[in-house]
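Number of protein chains: 2
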Amino acid sequence: MHEDFPVPEAADIVVIGGSAAGLTAATVARRYHPEKSIAIIRRDSPVPIPCGIPYIFGTIGSVERDLIPDALLDFEGIDLVEEEVARLDRENRQVVLADGTTIGYDKLILATGSTPLIPPIPGADKQNVFVIRKNVDQISEFLTALRAAHDVVIVGGGFIGVEFADEIKKHSDKNVTVVEMLPHCLALSFDASFCAAAEKQLASAGVKVLTGEKVTEITGGEKVAGVRLASGTELKADVVLISAGVRPNVELAAQAGLKADPVAGIWVDRHMRTEDPHIFACGDCAAKVSFFTGKPCPVRLASVATMEARVVAANLYENRRENPGIIGVVSTVVGRVAFAAAGLTEEAARREGFAVVTGEAVTPNRHPKVMPGVTDTRVKLVFEKGSGVILGGQALGGESVGELINVVATCILNRMTCEQVALLQVGTHPLLTAAPTNYYLSVAAEAAAQKLHGERN
Amino acid sequence: MHEDFPVPEAADIVVIGGSAAGLTAATVARRYHPEKSIAIIRRDSPVPIPCGIPYIFGTIGSVERDLIPDALLDFEGIDLVEEEVARLDRENRQVVLADGTTIGYDKLILATGSTPLIPPIPGADKQNVFVIRKNVDQISEFLTALRAAHDVVIVGGGFIGVEFADEIKKHSDKNVTVVEMLPHCLALSFDASFCAAAEKQLASAGVKVLTGEKVTEITGGEKVAGVRLASGTELKADVVLISAGVRPNVELAAQAGLKADPVAGIWVDRHMRTEDPHIFACGDCAAKVSFFTGKPCPVRLASVATMEARVVAANLYENRRENPGIIGVVSTVVGRVAFAAAGLTEEAARREGFAVVTGEAVTPNRHPKVMPGVTDTRVKLVFEKGSGVILGGQALGGESVGELINVVATCILNRMTCEQVALLQVGTHPLLTAAPTNYYLSVAAEAAAQKLHGERN
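Note that the protein sequences, when read in sequence, are chains A and B.
Sequential numbering from 326 applies to the first sequence in the working numbering.
Sequential numbering from 326 applies to the second sequence in the working numbering.
Keep in mind the hints are simulated off the structure, nothing from the lab.
One or more of the hints may lead you astray.
Here are the simulated EDC-like pairs of lysine to aspartate or glutamate, each with C-alpha atoms no more than 16 Å apart in a straight line [said to hold, decoys possible]:
#1 B:Lys694 x A:Glu389
#2 A:Lys361 x A:Glu334
#3 B:Lys620 x B:Glu685
#4 B:Lys361 x B:Asp431
#5 A:Lys694 x B:Glu389
#6 A:Lys776 x A:Glu685
Take a look, some chain A residues computed to stay more than 12 Å from chain B by CB distance [said to hold, decoys possible]:
#7 Asp414
#8 Val421
#9 Glu488
#10 Glu709
From the three backbone atoms N, C-alpha and C, an ideal C-beta is built for every residue, glycine too.
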């Protein structure tokens, strides 16, 4: 516990959890309610910046350089309580800490996060088999083992797996292998051709990528020695990292009788309120619905957590904001190429029952092509066929792809049609973007619009 | 005239002008009408890429490396006629060339562009006083004079003036001075603090910037020797570049009896059709209305030209697309900083009669801050006070600002409120963007939302 911060008896607004969701909920609530007392209760001290974790091996160098600064909370007049919460006492509106101390609340925000999923693989409990927990000591322990290792196997080719593989290979000559069950890495966010481009980047960096492969056993004695695959392949391994998704931390809510599903998360309404009008939930622990279908949505992202936290912070005393459902917007860098996606892939859209039309563009990100820093940007947009409304987009190319996908996400949020996306008004510049005649999104949307026009005539 | 392309007797679709608007109109029309014959008539051969022109001095190296490739037209089956048009014969639906030859049309697209404005300054006709015309020979002549010059004076601190100054100073030790009448450079696109940041970049690169200064005379004999300012200052000058805006080329339209204003441009309806149902206009030659007010809009940009060309290309045989009015989205690089703006500045919004509320954010463009390539991004958003609807935005920072402003533009196009912008769903990544807790636009919009909330309570 911080000696500077004695545990308060009560606070108007109590937040459980100090990562992206909890921190944003507390600091935004502070702005709307300067007169209220606000406290954050968190288990870990201090908290790593989650998105930075894959880059601690070389780019950042240590977990100590990847921490959320606590000074912010002090500055905002937010009490910080570093304790484990034992249970919620809803009747008396108080949080009960592990040592029996209670903290009263008027409004409670659950931002308890998620826990890495460990698939039931025999041997997953061996020494040097890790998952990424947002905890300084555990990450440091993993880093120490990683630095000493020669053969590294990463189980799961999602963003965390791919980013760790890329980072480790960029900063060492270790033997790195990624094992992915699905036909491609990053397959939940990208269609096959974009996944293949990411895999090509990994391969040229020297990462071995095994897709459509299932791990059946983690071998060795007390300590891991290898990984056995369903195909019969055996991989040597000094360290295994399992990155196979997360499960929401719903225990506190469930034990307090709130509706919560161990896979979907703590149930919340559109205003992010649980069944108890005094309790809200946001971030990884909260159940989510898809922007596109209203169905449960498994996406867990820091950027989603902060959006939800902004909804909660504004709604504590009146319903002012609505969560429109989750689009799912992601970006990353693999090798020297940025990859980004928003909304549904073509494959996911079809699976959800949409008839789709797509449009693509491949355009240099400078004009004329002789400008320094030029590289091709590839864009694919997915539209619903009947209405022409945009459902998703994918892009790969230079650094600006990270913001380009946010243009796509904004088009999705506004349910723009391919006709409207083709007519986007954008700024272009020789040193910053494609030529105006060739702007990625206009060209891709125009291609889709032309297909729809052709079919109607 | 291209020997490969004999002048056709007629084409279904005839375009006059081969720059951003004409080229886009022709190539998009080709997609919608594969069966139609299409011809472009243009005066110059070949056509420089307009946005690249300020970078020919050093970054590109010569105007020959900054040309729109004609191979595209060939590939698309578009006839190219390199001739001066003398007049339009609307009664017989034909274009009359300078030599008397006629080309018949069913649909005619005027994309005749604009001509640089030369203010009535005594001495503006001296040798080595230049404006930027989109013509290879004239640009080459300017470049030759520029290379030989020591003292360069640029009259007009808009984008062209600032970009030329920055480029010349980056690639030479010439004495470069920008003279701007308004209190700041770039003042039509940015509020004062952003203009000041751009001027600071220019100053640290060694460019002299004189604002609030009017040129009263260009001195010298046959050839320019200096520039005299209203304040009495005299500047030495071997070369003067005048970049003081453009006037639309309306002569052909006006002579043919179409409604056209020498300052505003050729009148068009929302579907970009002139008073003659067979004749359309797009790009710099066409009159524009503001997205925000419906009033005439002086913005002339290649990105606006291509948007308008897409409207024209789809509407030739039926009204399929509407021009929603011009937002005005721009980006540039000054020194090592990218600057971008969309919509109305705070000052312009107030001048137009809006009550406004603004929100700002200053955020590193990486997270954590130790990531390579980190630089602060500054954002200012302008909202209408009553509705909370976004009217404009400005940003400065790293390369991604070029696309960040397109997120802002998409928010504007969809008339999003500050509440909605605060809840944008975006992708974030340590190597590409701000932290999700700190995303530029969410933070700036939240600040505005909080101001509005505070005033209402």
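Verification of the supplied hints:
For the hint pairing Lys694 (chain B) with Glu389 (chain A), the CA-to-CA distance comes to about 13 Å; that is within 16 Å, so the pair holds. Note on Lys361 (chain A) and Glu334 (chain A): the hinted pairing holds, with a Cα-Cα distance of about 14 Å set against a maximum of 16 Å. For the suggested pair Lys620 (chain B) and Glu685 (chain B), the alpha carbons sit about 28 Å apart, so the restraint of at most 16 Å is broken. At most 16 Å may separate the alpha-carbon atoms for a hinted pair to count; Lys361 (chain B) and Asp431 (chain B) meet this at roughly 10 Å.
This hinted pair checks out: Lys694 (chain A) and Glu389 (chain B) have alpha carbons roughly 13 Å apart, not beyond 16 Å. At roughly 12 Å between alpha-carbon atoms, Lys776 (chain A) and Glu685 (chain A) fall within 16 Å of each other, so this suggested pair holds. Separation of Asp414 (chain A) from chain B is adequate, the least Cβ-Cβ distance of about 30 Å exceeding the 12 Å criterion. With a least CB separation of 29 Å from chain B, Val421 (chain A) remains clear of the 12 Å interface cut-off, as annotated.
Here Glu488 (chain A) does not stay apart from chain B, with its beta-carbon only about 9 Å from theirs, under the 12 Å limit. Every CB of chain B lies more than 12 Å from the CB of Glu709 (chain A), the least distance being 18 Å, so the non-interface label holds.
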